[in-house]
Each structure stands twice: as C-alpha cells, then as structure tokens.
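Visitor: Got two chains here, each in a separate frame; can you build the complex from them with the hints?
So the sequences go chain by chain: A and B. Be aware that the first sequence starts at 0, since it is given in numbering that gives the first Met the number 0, and climbs by one per residue. Be aware that the second sequence starts at 0, since it is given in numbering that gives the first Met the number 0, and climbs by one per residue.
Just so you know, the hints here were simulated from the structure itself, not pulled from any lab data. Predicted, not measured: the structure shown is a model, and the values here were computed from it. By construction, the Cβ of each residue, glycine as well, lies at the ideal position given by its N, Cα and C atoms. Any given hint might turn out to be false.
Simulated coverage check for chain B against chain A, where a stretch passes if three residues somewhere in it have a Cβ under 8 Å from a Cβ of chain A [to be verified]: (1) 376 to 387; (2) 403 to 416.
For lysine-lysine, the following BS3-like pairs were computed, each having C-alpha atoms within a straight-line distance of at most 27 Å [claimed, not checked]: (3) K163/A to K419/B; (4) K488/A to K214/A; (5) K437/B to K23/B; (6) K438/A to K452/A; (7) K23/B to K25/A; (8) K25/A to K90/B; (9) K419/B to K365/A; (10) K438/A to K106/A; (11) K156/A to K106/A; (12) K151/B to K156/A; (13) K90/B to K188/B; (14) K140/B to K338/B; (15) K309/A to K419/B; (16) K102/A to K309/A; (17) K151/B to K102/A; (18) K106/A to K90/B; (19) K365/A to K163/A; (20) K437/B to K106/A.
Facing chain A, according to a computed beta carbon distance under 10 Å, are these residues of chain B, among others [what the hints assert, rightly or not]: (21) K90; (22) V91; (23) K151; (24) M155; (25) I369; (26) L371; (27) A398; (28) V399; (29) P421; (30) Y453; (31) E455; (32) Q459.
Below, each chain spelled out in residue letters.
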Amino acid sequence: MGEFITFPELFIWLPLLAGLLAFFLKGNSAKNWATFSSLIVLAVVVASLFYSDDKQYASYNRVNYYWLKQIGNSFFVGLDSTSRLLALLTAIAFPVIFITTSKNNYKNPAAFYGLMLLSQSGLMGVFVSMDALLFYFFWELALIPVYFLCSRWGGEKRIQTTFKFFVYTFAGSLLMLAGILYVYMHTSQRVFEDGTVSSHSFALHSFMSTMLSIKEQGWLFALFFIAFAIKMPIFPFHTWQPDTYDQSPTSVTMVMSAVMVKMGLFAVMRWLIPVLPAGALAHANMVIILCVIGILYASCIALVQDNIKKLIAYSSIAHIGLMCAAIFTFKEIGVQGAVIQLFSHGINILGMWVVFDIVERQTGVKNISQLGGIATKAPVLTIFLVIIALANIALPLTNAFVGEFMMFGGLFQLNPWYAFAAVISIILAATYTLNMIRKAFYGEVSPAVQGMKDIGFAEKSALAGLVLLILLFGIMPQPMIEFTKDALKNILAVLPK
Amino acid sequence: MNAILFSALWGIVMMFSGVFVKRKSTVSLLAIIGIVLLFVANAIELNTYQPFFYIDSWDMLRVNSFNLSFLAVVFGCTLLFFLLSASDILKVGEHGGEYFALIFFVLCGISLCATFNTLLILFIGIEIMSIPLYILTGSDKRNLKSNEAALKYFLMGSFFTGVMLMGIAFIYGGNPSASFYIDNIQLGKDALNPMIATGLVLLLISLSFKVSAAPFHFWTPDVYDGAPTVFTSFMATIVKVGAFFAFVRLFENSFGKIHTQWQTLLVVITVSTLLIGNITAVFQQSVKRMMAYSSIAQAGFMLFALFALNERAKEGLVLYSAAYSVATIGFFAILIKMKDYTIEGFNGMGQTNPVLGITATIFLLSLTGIPLTAGFQSKFYMLMAAVENGAHFWVVIAAVLLAAVSAYYYFRVIQAIWFKQPANANPVNEEEVSGSFKLLLIISAILIIVLGVYPELLIQWLYH
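Just chain B, same shape as in the assembly (with noise of 0.2 Å):
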C-alpha cells in the first residue's frame, strides 16, 4: 500500500522537479533519494504490515509478505539502476525529471501488479506500467528508430490490452458469482465453462506479450533495440519481472485448481520462447539485438515459474528477478558506455578496462548460469520447481539445452572482451566512466556472487 501512494506522489514530485530545479544533477539526486524512500517505506510495511495510510480497498488489493518482498527487490534493482544509469537517464533528453517521474509511474504500476486482487486493478497496473514506457521508448525525438519502435510498441501494446480487456469480460460474463475477485472465479462443476476457457486463454495471450513470450514477442527486438538504452535496460528488467509477477499471481490463484488443462499451452509458450529467444540470439550482431532476444530467451525460464505453480517455484521467480535484474541492468550500464554497440566493439576491453572487462564477465556468466552465479541458482530453482511439478520432463531437457545454446552468445562477448586485440583507439567513452560508476558495478558483481553462493538468504527474507 505504501509503495502504491508513494511512487505515484514521487512521480509527481519529479515531474514538478523540471519546474523548479535547474541542475540536472539535482534532479537525479532527487530521484534517487525518491526510490531509497520508496525501498524504506515498502520496507517498514513488509516489517509491520502495517501502511502509514490505512484505506479500505475493499479487498481489491492483498498485501503480503511474499509480493512485498518482491517489490522491496523491486525497489532495490530500480535504486541499481539509478545510481548505474542515472547520468544517462538525463543524457537522453532535455526534460530529465519527466523521465524519472514516468519511472516512478511505471513502479506504481508494478507495485498494483503485484498486489491486485481483482481483475480491474490487474488491468489497471497493467495499463500504468505500459503507457509511461511507450512514451520512454520514444523519449529520443529525434532518433527516427527511437519514433518507429515507440510507434510499434505502443499499437501492439494497445491491441493487446484490448485482448486482455475482451478476457476480462469473457470472465466476467462466465462468472456466475459475476465477481471480479481472482479468487472468486467459479470455473464450472464438471467441464470448464467456455466463456471462461475463452477469457483465460485470451488472458494468457495478453499477458504472454506484455512478457514477450513467442510467439507474441515480434516486438520486443524492435523495442528494445530502438528505445533509447537507458530504458532498454528498464524494459528488459523491472518491467519485464513486474509483469511476471502479475502473470503468476493472476494464473495461481484464478485458474491454479485446473493448471493440468492450460499446462500443454503453457508448454507450447514455454518451449517455443527458449527455442525462438535463444536460436535468433546467436545471430546478432548487435550486442544490444542480442540483449533483446536474450531477454526473450530468460522470459522462457522464468515461464517454469508459471509451468510449475508450486512454492519453489515462487521462490525461484523472485530469486530469478533478483539474478537477473542485477546482471541485466549492469551489463546494460556498461553497454552504454561503449563507443560501438557491435561485438566487434568489445574487443580488448579487458586489457583497457580491467574493472569494466571483469564485472561484465560476471554478469555474462551470471546469465548464461554458470554456477556461483547469482543466474545458476535463479535457473536451478526454476528447473527444480519444474522437475518437482513432474509433468513434462522432457520441456526441462530442451530448456537446460538451450540454456547450453545461450552459453554460445554470451561467450561471444567474453571472448570479444578477453582473447581479442583492441583496435586503436579505446573500446570504451573513457571520460563518462567514473569511480564510483565502477565501485557500483563491483558491488553488483559481488551481489551477483553471494547470492550465488548462498540464495537461501533472499528466499528465507521472503518468509521471514
């Protein structure tokens, strides 16, 4: 609850922010002491349960233990990505605070994602998290790619959003009980009802793409590859698990009692996400068309979460957001730095730039899930939850097979940084790299690492 009202009230703090203060290191200081606000507040309720403003939402939103802390991991990637990327949040644009404060609307709309519990206040997140990032996506006016993909993003997001309203009525009019309540769907005595068999795949389709899941994901290279970086990195992380969240939360307690009968389509999603993601990834060229397929191909993994529906399987989505938000966002940080967004243009960065050289090593290895990583704990909690769930084996041999297929494109780059020779002139934008841009990278690398080495005390936080 208090992350719902804080992130809309600092949204319109930042937006303010433009009016009346002129330094742009101020504004990023502003917002940064925003999200530590916001990760406090979101703290003290998980501690208490108790919000600083009560208000009767008459059930329409649950707060537990569980999706606060998902929120507090939440809350702590964004602070990441800020402290890593706020410098080039400002970079984009003349208007700097609008970006932060379209930021912070997004995590107000995650945070009703992650607390929903009707279908109305699902379809409402779900719309305040995606509205702000077309407008990001298209924050580069004058970058022709940057208006294509903000164009793009923003017909197939309302198309969908369509989709998902038309699932929502189909509920809605099947529900003899004619309750919005996730928990409250009557899904028929014998056979499932039609109309709700209609809405939930409708449902699933629109949820499919808002975490870009073959064989809905035909926007994600574009968006992703046009939008500015900065929000590239956003997109791909915090929204992306957001939405996850929303997913899981919606299918386990709406439509969990008759998960055998959506489980083959799942398996359908599933497998074709990790086979399209990853397949097409090894193609590109692009280190940043790469990171967009590569989005696509974890967005398969963390399907298992939905696939397996069990309690490990909720843990492994919120250590998987953790892993892979961090690794994500500090390769996306160094990324930016690069003069040359090709693989060729990481070549040597390891003899020129050490520290850069070895962190984005560790969050390669962490995403490809080499163990120790913070990404081979996410993958094997998802495959254990998998495995546990015991339908399907054969879907966990084709993931761990193209997980071994996603080795090949990231390794493509850790060659590029280690065993290749650097051209002339230096591989990365020297002056914009700072001290404690590097400190921070380190810092993740080491996050990266000990929850590697020890997940157990991210998952135990969630029930503690």
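For reference, chain A alone in the conformation it holds in the complex (with noise of 0.2 Å):
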C-alpha cells in the first residue's frame, strides 16, 4: 500500500465499485453483497486509523493525481483527523443500516443497494478532497444517488419533498460553485511536475492562501455559507427537512441524518473557515444567533410534534444548531467539542432511527398517538432506546455529553447569554425525548403495538455495537480528545488570537 493505492482513495473505489456491481446483482444477492461490502469499508476505515501518524505514513494518507492540469485541478485526497473520524462515522453507518434494515423489502434492490453504496462513496469523497474542484463533485455526486432513493422509495408524498429538498440544496451548491470560482481566480498559479503550468489552482492550500480583502471576504463567505447551511441545515434554511426526512425510506434518513447533515459543518470547517478566515470572523456573531434562534425553534416544535420522524429532524436541527454556533465560537475547547460531537450525534441519531425503523416497520405507525406500550412486547428494545435517548439529551457517562459540555462551554466564553438560551434546548431535549419515550413505549398497549415482536439477533447486535460505542466514548472519552486535538490547527491556526 502506500506507493500504490492510499486509503482515502480506497474510501472511495471501493463503495463506487461495489455499488456499481450492485446494480447487476438479483435480489437478495444484491442485500448481502452490500452488507459485505460496506464491512470491508469499514475494515479498511478502522485499519486506517492504526495509520494516521502523519509523519511515518504520510505516503498512506495523501495521494495526488494529475487530473485536469489546463485549470490547475488534480484528483487530491488527503485524511486528517476530523476526516478521519467522520470517514469511520460513514462507514459504520452503512453496515449498521443495511443490518437493521435488512427486513425491509425494497422494490428493486439492486438499484436500491448500488445507489446506497454510491452515496457512500460520494460522502467519503467530500471527506477527503483536497481540491476544491474535487470537492465540489463529491458534494454533488452524495446528492443524487439520495435524491434517487428518497423519491424512488420514500413516503407517499416523496416526489415533491424530495424535489423541494433537491432544489434547495443544488441553488446552494451552485451558489458555492460562483464562490469557489472567485477564489480560484486569485490563487496563485500551479506548476505540476510535468512541467505543465496553470495560472489558478484548486488546491485546498492554495486556496488557504489567497489574498483577498475583507470585503471580498465578507461576500464570499455568504455564498459558501449558503450551501453549507442549507445541508446543515441553520434556521432559516431548514424548511426541507422535516418533510423529507419523514418522506424518505428510514434506511435513507438515517444517511441523511446521521452522516450528510455533516457535511455542512465538516465543509465550514476544512473550507469555509481556512480560506475566508476574515469573513467568517466578520459574520460569526450573527451566525451563532441564527443557531441559536434555530435551537430554541427546533426545541419548540419538537415538543408539540405527534410525528416521530418529524420529533427526530427537528431534534436534529437543534443538536446540529448547537454544532455550528459551536465552531463559530473559535474558542478551543468550542470547536473541539463540535468536532466530537459529529461522532457522537451521528451514533446517537443512527440508533435513533434503528429503533424507530423497526417500530414502524412492525405497527405501521409513526405517530406518538397511535403507539404505547412498547415496552411490553419488545423489552429489549426499550431497553437500548432508552440508553440511546439518554445519549441523545447528553446525560453523563454517554458520549454526547462530553462534546456538548465542551461546546457550551466554549460558547460561554464567548458570550454566557448565547450559552444560556441554548442550554434551555437541553432542558427542552429532555422534555420532548422523555415524554415522547413514556408515550410511545410505557402505558397502555395500543392496538397498533398488540403485534409486535421484540427484535432479532441481528438487530441486536447492531444496536449493541452503537451502545457499546456510546458508553465506550462517554465513559473514556480521554482517547477521543486526544484524537481531535490535531483537527483545531487548521481553524484556529488562521484566526488571530
């Protein structure tokens, strides 16, 4: 390896290969052979972890290919560390929901499975560019296969939520592509080692070192910003994803929820931050506001949804709310915080809709009101929802707690007024989780739940693997910090102190 293939490239190949070979493949066939590759991913992605001493491996992590050298592009990807842990949070996503999910049947699984593996592949892509232009492909390239699956095999109304949602996200991608044009232009030129010379490069550093004034910055920062909140998604850019996160099939929320909500804030963090420093500085505060009038909405709503898949988006605007007002607190122990926390909540909300898929897929229900009594007829169930709940409201000892107490108190130090109205959101998290729970899984047997099983082994062992990640990292979370200590150079190497 090294000299030959990378990992970051084989993050990629291999999804996009095995997806379009999945396309080829009959029925159930088709189901396991995308099981079994995503656990080779995910092999492959925890191996990678053994190599992350950037030092003694480099040749292992970064690769950099010729590609369109005329404009100053080549196929460049690279691993740091919050790309390293957001690749290991896509590839144990994947398995983990072909798993659960695995009694679903889907109309035509081949095309189902290859377009899952395909979105895989272009979600590790946008972890691991290195070059804007690349980058941009990949943002694109995890949108379609999604959008395929959303209104191909979503909810009765999926044709025009998922269109919503499609548009949407695509004005704020092009929106980033003007932007990323505008930088490109005063890079610095490219000489390749051909020889060949391109006036303008893409590459991420050169990017980091353009000079462009505040003003520029300032503008540039809201057509990227744009893009990355709409995917985030930031009050008041969120108006799609409750509709589509309740349309589409639950195996595909949950790549939506667990890993593509990610990009956005992963994207502010290895992009928008190093390249507009100035611009981001300029615009943080009314950023944080937006976030934080995004919490305390989101919160609101959650409480009063009847919808669970709807409680759950919205519960997800405000944890990813809380994420970005973090990172935009430039305070150490903030951004560091956010960056645990994009693990974190994607196994907390993963598991989340574990539970939730079989629920429905057993009642046929996803309304509070209709369901109660769980507890009942699936006891084990109960018993891995409830830890994951708790996880999910940050109660001690799970790992969410340890991100979410850094990023509030990193946004204490900012300012302990933004601090104080977002804490309520965790009093607000609690009340809708815990309420919801008493519904929907104690009290009285409602007729919906009368049939229902408790889970399989398969199933079982799913969601212990992310329970166990859960009280593994909240009760250890030493290794973690450690890990994501790297990942604050690039952001707040480039901020005045």
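Guide: Written out as structure tokens, the structure reads:
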C-alpha cells in the first residue's frame, strides 16, 4: 500500500465499485453484497486508524494525481483527524443501516443498494478531498443518489418533498461553485511535476493562501455559507428537512441525518474558515445568533410533534445548530467539542432511527398518539432505546455529554447569554424525548402495538454495537479528545489570537 | 476549405439521389457516408493544414486549427444526428433526399460562418445557413403548425437579415479603410465612431436573433414547436452552435478591443436570455416546447463566451457545443419515439424501457449541469471564463441561480421517467426502437460522461 494506493482512495473506490456492481445483482444477493462490501469498507477505515501518524505514514494518507491539469485541478485526496473521524462514522453507519433494515423489502433491491453504496462513495469523497473542484464534485455526487433513493422508495408525498430538498441544495451548491470560482481566480499559479503550468489552482493550500480583502471575504462567506447552511440545515434554511426525513425511506433518512448533515459542518471546518478567515470572523456573531434561534425554535416545535420522524428531524436541527454555533465561537474547547459531537451525534441519531424503523416496520405507525406500551411487547428494544435517547439528550457517561459540555464551555467563554439560551434546549430536549418515550413505550398497549415482537439477533447485535460505542466514549472520552486535538490546528491557526 | 466545398458538393449529390435512388434506406446510407467523408476531409485538413484543392480566397476565409476543430465537433454531432434520426427524417415527407441535401447546405453555411474573415462571407454564410432551415421548418406540408412556423421564421429571419445587412453597411461606411475585412475595422481614434457603433449594435441584434437570445427570441418557441421534431433537434443544436461560433468570431476579431463598451449591453442580453428561457420553461406542459425554452436558456450560458471573450471562453464554447449538442440530439431522438409529447407521456418509461430511461436521464442530467457530465464541465468553463474576465461578478451569481431553476424543469421529466407509474400502454413506440438505436444512445451517454470526467480530451485537441 502507500505507494500504490492510499486509504482515502480506497474509501472512495471500494463503495463506488461495489455500488456499480450491485446494480447488476438480483434480489437478495444485492442486499448481501451491499452488507458485505460495507463491512469491508468499515474494516479498511478501521485499519487506517492505525496508520494515522502523518509523519510516519504520509504516503498512506495522501495522494495527488493529475486530472484537469490545464485548469489547475488534480485528484488530491488526504486524511486528517476530522476527515478520519467522519469517514469512520460513514463506514459504521452503512453496515448498521444495511443490517438493521434488512427485513425491509425494497422494490428493485439492486438499484436501491447500488444507489446507497454510490452515496457512500460520494460522502467519503467529500470528507477526503483536498481540492476544491473535487470537493464540489463529491458534494453533488453524494446528493444525486440520495435524491433518487428518496423519490423512488419514499412515502406518499415523496416526489414533491424530495424535489424541494434537491432544488434547495442544488441552488446552494451552485452558489458555492460561484464562490469557488471567485477564490480560484485569486490563487497563484500551480506548477505540476510534469511541467504543466496552470495560471491558478484548486488545491486547498492554494485556496488558503489567497490574498482576499475583508470585503471580498465577507460576501464570499455568504455564498459558501448558504450552501453549507442548507445542508446542515441552519435556521432559516431548514424547511426542507422535516418533510424530507418524514417522506424518505428510513434507511435513507439514516444516511442523511447521521452522515449527510455532517457534510455541512465538515465543510465549514475544512473549507470555509481556513479559506475565508476574515469573513468567518466578521460573520461569526450573526451565524451564532441564527444557530441559537434555530436551536430554540426547533426544540419548541419538537415539543408538539406527534410524528416521531419529524420529532427526530427537529431535534437534529437543534443539535446541528449547537455544533455550528460552537465552531463559530473559535474557542479551542468549543470547536473541539463540535468535532467530537459530529461523531457522537451521528452514532446517537443512527440508533434512534434504527429503533423507530423497527417500530414503524412492525406497527406501520409513526405517530406517538397511536403507539403505547411497546416496552411490554419488546423489552430489549426499549432498553436500547432508552440508553440511546439518554445519550441523545447528553446525559453524563454517554458519548454526547463530553461534546456538548465542551461546546457549551466555548459558547460560555464567548458570551454567557448565548450559552444560557442554548442550554434551554437541553431541558427542552429532555422534555420531548422523555415524553415521547413515556407515551410510545410505556402505558397501555395500543392496538397498533398488539402484534409487535421483540428484535432478533442481527438487530440486537447492531444496536448493541452502537450502545457500546455510546458508553465507551461516554466513560472514556480521553482518547477521542486526544485524537481530535489535531483537528483544531487548521481552524485556529488561521485566526488571529 | 475542404468542408465548404465538400458539404456543398454532397448537398448536390443528395439532391439527385432522390431521382436515381429509389430505396429510402440507401438515401440515408448515402447521407451517412457523406457526413463521414465530410468529417474525414475536415480532419485531414486539420492535421495537415493542406486542403485538397487550394483556392485563393484573398484572405476572405481564414482557416486555423481552432475553427477546424470546431467544425469537427459540428460534423461529429451531425453524424450522431444522422445515425440516430435518419429514419425519422425520411418519415417527415416523401422527398427524403432533399431534406438531407438541405442539411448539407446548412453545414456549408456553418463552415463559412466558422471560417469567414470578411463581413460579406459572414453574411453569405448566415444566409446559406438560414434559407434551408426555412424550408425544413415547413417540410411537414399538411401540418398547419409547421406552415405557420415556417412563415413566421421566414418573415422574422428575413427582417433580421435586413438588420444585419444594414449593420454591415454602416460599418463599411464608417470605416475609413473602406474594407470588409473583420480585423481591419478602424474603430475611431478617441471616441467610437458613431457609424461603427450603430453598425455594431445592429450586428449584435441580428446575431442575437440568430442564436435566439432574449429579447429577440420570440420566434424560437413557435418555430421549434411547429417544425418536425427531427429538424427541431437539428436547429436547436448544430445550427445554433454554428451561429454562436460566428457571433463570437466576429465580435472577438472586429470589436474585441472595445469589449468593455458593449459588454454592458451584452450583460442585459445574457441575463434576460437566462431569465426568460429558464422561467418560461418551468411552465411548459409539452416537453418539446420546454426544450425550445431550454435551448434559449442554454444560449444564455453560451453568451458567456461573448461576455468573457478570453481563451477559456473559446475553449468553453467548443466544449459547450459538443456537450449541449450531444445531449440535446440524444434527448430529441428519444422524444421522437414517444407517443405523447407531454411530460405525463414520459410516465414510467424507466420501467417499460430502461435503456431509453437511463440514457434520457443522463442527457437531462447533463443539460442540468450535474458534475461528471459534459454539461457540467461546459457550464463550468463558461463560468470560469466569466469570472476570469473579472467584470460583473453578479451575472455569474444570477446565472447559477437560474441554472438551479433549470433543474426544476429537467427533473420533472426525470421524475416522470422514474417515479411515476406508467399508463396502461407503453409510452414509447416500441416497434421503432431498434437495437442499434439503443446502442447509439448508450454510446452518446458514455460520450457525455467521458467528456464530463475528462474534458481536456477535447480541449487539448484544439491546440494539438
């Protein structure tokens, strides 16, 4: 390895090839193939963790091929600690999704699993690309399969809903493209090893060393941020999300909420702040205020939601808002908390969806008011859910606690009022989550729940894996904190102290 | 030079083929042979710079690798068009050979438009290109809409030809050197000579008409809708990019030095073209009419070549010509096979005819500008050229937002293909879809993806 092929390439090519192959398989074999190949990807990603020492194994983690030389673009992919963490999250999410939803029967499974794997490839690409054009490619390529998945296999109103989602994000990405082009025109020339000289460059490091005035950075920030804010989503760009989560097939919702929304936050950390530090500083306050409004607003709406899928969607908006706000504090503790939370939130929300996918599949119901007493019918499932739900509201000794605590620390350092407003969301989160559990899982057994059975071995082991991660990082957060220290360099180095 | 002679010659051959050849398939075979020979003749000249017959044109025609490679793209796309749609051309009426003859004459006009070096040749080129089109538009003789379209096109076209001629006259009159050569127009010492300025605006207007840029686009939807669908496909792609090439060539060589003075005017045309094309396309129910508006919208993007007027823009224009033509020709070829031209007519095509569904989706994705399709790369080159130009960055932002609008109408068709249930009957005229037709569609789709992944294949070829 190393010289011949590197980890980031494997992350992209393995799911891509597996996905293309899956289109030609029939019936159950597509499902098994997808599960198998996603486990291989997981193994590769885990293996890459052991080669994370950049000094010793630099050639394993970074590669730069010629691609569109004339315009200064290359196939430049690399791993740093944040991208490694998110690649790990992506790699964990897909096998969990495939295993826990294996009882769902999708029409035309070959296309379904093929598209799922293609979206994994796109997501991996977003997390590892070090070239702006490449980043843009993957950013879009992660979206297209998800669009087809939602529109083909979703609920009744899927076509309108996912179309709204698509047009929204597509418009955002195109604005980002305009921004990328503007920055690109201000980069210095790039000389390739074979002597080709292009007058500008798309490489991340060239983007970071442009001399853009504060005014330019200000409006460029807006172009980029709108794209990322739509993806996260941040208030007031969030309107696509609850409906899309509701109408998508749950396995795709899991991809979106566990991994895809992280694309926005990741892009902020890898591209937006390092490339436009002055713009980020100038707008930080506004962004945080938007985030805080979003946190409170989404939490309040979640309180009155009857539809569980929408409830989780709104709670996700609140969580993402908090992470985004923490990043824009530019305090070491806040940013690091956000990085940790990127991972933890992915695990927790994945667990929530897994549980509700099981509930929905067995009962055919997604409203709290029609559920009740699941605990008597499915005790094991309930135990898992309670642990995951407690993690989702950031109880101590769960993984989310560390991250949230650090993020609130960052916000508090910046302005106690922000922290105060945001902390309210934790109380609200506890209210709506516990309320939902009380109504849906305890109390009298409702007619819809009558026929429910407890979960089988495959689901148990997948959920147990997630719960294990939750407890592991909750009780022993130190390795994670050490691991993510490195992520701060990129962001904090470019900002004035 | 080869291209001009050969296309005219083969036009005559095709004209007489109707007399001597009785079988229709032989006529289309003859046409395909002709376009292949035309392509080869052009390619030989591109490689050696030696035409078969040297004719001294007193520098009224100027041949370089750039315009020859543009012509190669045009002939390549025409070849694709013939291969996909030759049988449909023959179905339009009884005189198949003549339609092919007219198309070859159009190609002759395009060859003149690509190589002209004086305003006179430009005029002749544009006319040779336009007149056969008036006939092709009205070739469905018993259809009233086709007749109406032909008449409308002819009247409007003649009017704007007049405008163009007047522009040329003004420029000739205002030019102290009294010359028609495009690089020999003296623009005035301090201020722009008012005669030249008037001529410039008149030329801008008439050429905007030819490429269907707003606000001179009103003929486009009716003509494209009324003409037989095969010829709409030809007009919307090959003819349009030919006119664009002439447009850019003229304005770069004659008025490039005073670019900033007419750039603002061009901004107005570009933005209104994008706006009108994209917004109106959203409301169309007929896919054919939607494609007419979408071609206006795509013209708006091609206008960026003129807006930027740098090397990147010229590369972008050639790339755009190829990407847009292949995708549109492919999509129209599928549209012709549909029983119903409304968006609902596409319902469930992905299930009943997966090959057509998948290729149509790739063509539409390319027209939308999704990464890794040729359509994205061409739009990207255009935007890059515009940003490189430096002026009016807001136009780029307007363009990308309107490109997002274009996703709306292209994706409505994709939704119909994949996510709607098919009606009882097969939406496609199955008996007309042959295996080779499907194969060609797949090849075009692959071509689009190859150009999308590696556009420099085409661009390096421009500077070989």
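Visitor: For each hint, tell me whether it holds in the structure or not.
Guide: Comparing the hints with the structure gives:
Proximity of the segment 376 to 387 of chain B to chain A, defined as three or more residues with a beta carbon under 8 Å from a beta carbon of that chain, is established by the 5 residues found. Counting residues of the segment 403 to 416 of chain B whose beta-carbon sits less than 8 Å from any beta-carbon of chain A gives 5, enough to reach three: the coverage restraint holds. Straight-line distance between C-alpha atoms of K163/A and K419/B comes to about 17 Å, which keeps the hinted pair within the 27 Å bound. For the hint linking K488/A to K214/A, the alpha-carbon distance of about 25 Å falls within 27 Å, and the restraint holds.
The suggested pairing of K437/B with K23/B holds, with an alpha-carbon distance near 21 Å, which does not exceed 27 Å. Our distance criterion of 27 Å between C-alpha atoms is met by K438/A and K452/A, whose separation comes to about 18 Å. Taking the CA atoms of K23/B and K25/A, the gap is about 43 Å. The hint is violated against a cut of 27 Å. Under the criterion of a C-alpha separation no larger than 27 Å, the hint pairing K25/A with K90/B is inconsistent with the structure, at around 40 Å.
Restraint check: the Cα-Cα separation between K419/B and K365/A comes to about 25 Å, which is no more than 27 Å; the hinted pair holds. With a C-alpha separation of about 33 Å, the suggested pair K438/A and K106/A falls outside the 27 Å cut-off, and the hint is violated. Using a Cα cut-off of 27 Å, the hinted pair K156/A and K106/A holds, with the two alpha carbons roughly 18 Å apart. A hinted pair counts as satisfied when its Cα atoms are at most 27 Å apart, and K151/B with K156/A does not qualify at roughly 43 Å.
Pair hint K90/B plus K188/B does not hold up; C-alpha atoms about 58 Å apart against a cutoff of 27 Å. Taken as a hint, the K140/B and K338/B pair is honoured in the structure, with Cα atoms around 21 Å apart against an allowance of 27 Å. With a CA separation close to 25 Å, the supplied pair K309/A and K419/B stays within the 27 Å bound. At roughly 23 Å between alpha-carbon atoms, K102/A and K309/A fall within 27 Å of each other, so this suggested pair holds.
Annotation: proposed proximity of K151/B to K102/A is violated, straight-line Cα distance about 61 Å (limit 27 Å). Distance hint between K106/A and K90/B is unfulfilled; the C-alpha atoms sit about 40 Å from each other, more than 27 Å. As the CA atoms of K365/A and K163/A are separated by approximately 22 Å, the hinted pair is consistent with the 27 Å bound. Between K437/B and K106/A, the direct Cα distance comes to roughly 25 Å. Compliance with the 27 Å bound is thereby established for this hinted pair.
With 10 Å as the threshold, the beta carbon of K90/B stays out of range of chain A, its nearest partner Cβ sitting at about 35 Å, so the hint is violated. Against a cut-off of 10 Å between C-beta atoms, the interface hint on V91/B is violated, since the closest Cβ of chain A lies about 36 Å away. Restraint check, K151/B versus chain A: the minimum CB separation of about 34 Å is more than 10 Å; hint violated. Violation of the interface hint for M155/B is found here, the shortest Cβ-Cβ separation to chain A being roughly 34 Å, above the 10 Å cut-off.
For the restraint placing I369/B at the interface with chain A, the shortest Cβ-Cβ distance is roughly 6 Å, inside the 10 Å limit, so the hint holds. A hinted interface residue such as L371/B counts as satisfied when its beta carbon comes closer than 10 Å to some beta carbon of chain A; here the least separation is about 6 Å, so the hint holds. Interface hint status for A398/B: upheld, as the beta-carbon distance to the closest one in chain A is roughly 8 Å, under 10 Å. Hint on V399/B holds. Least Cβ distance to chain A is approximately 4 Å, under the 10 Å limit.
Look at P421/B: its Cβ only gets to about 14 Å from chain A, farther than 10 Å, so that hint breaks. Checking Y453/B against chain A: minimum C-beta separation of about 8 Å stays under 10 Å; hint holds. The beta carbon of E455/B is positioned within 10 Å of a beta carbon in chain A (closest approach about 6 Å), and the interface hint is therefore held. At about 8 Å, the closest approach between the beta carbon of Q459/B and any beta carbon in chain A falls short of 10 Å, and the interface hint on this residue holds.
Violated hints, listed in ascending order, are 7, 8, 10, 12, 13, 17, 18, 21, 22, 23, 24 and 29; each of the other numbered hints is respected by the structure.
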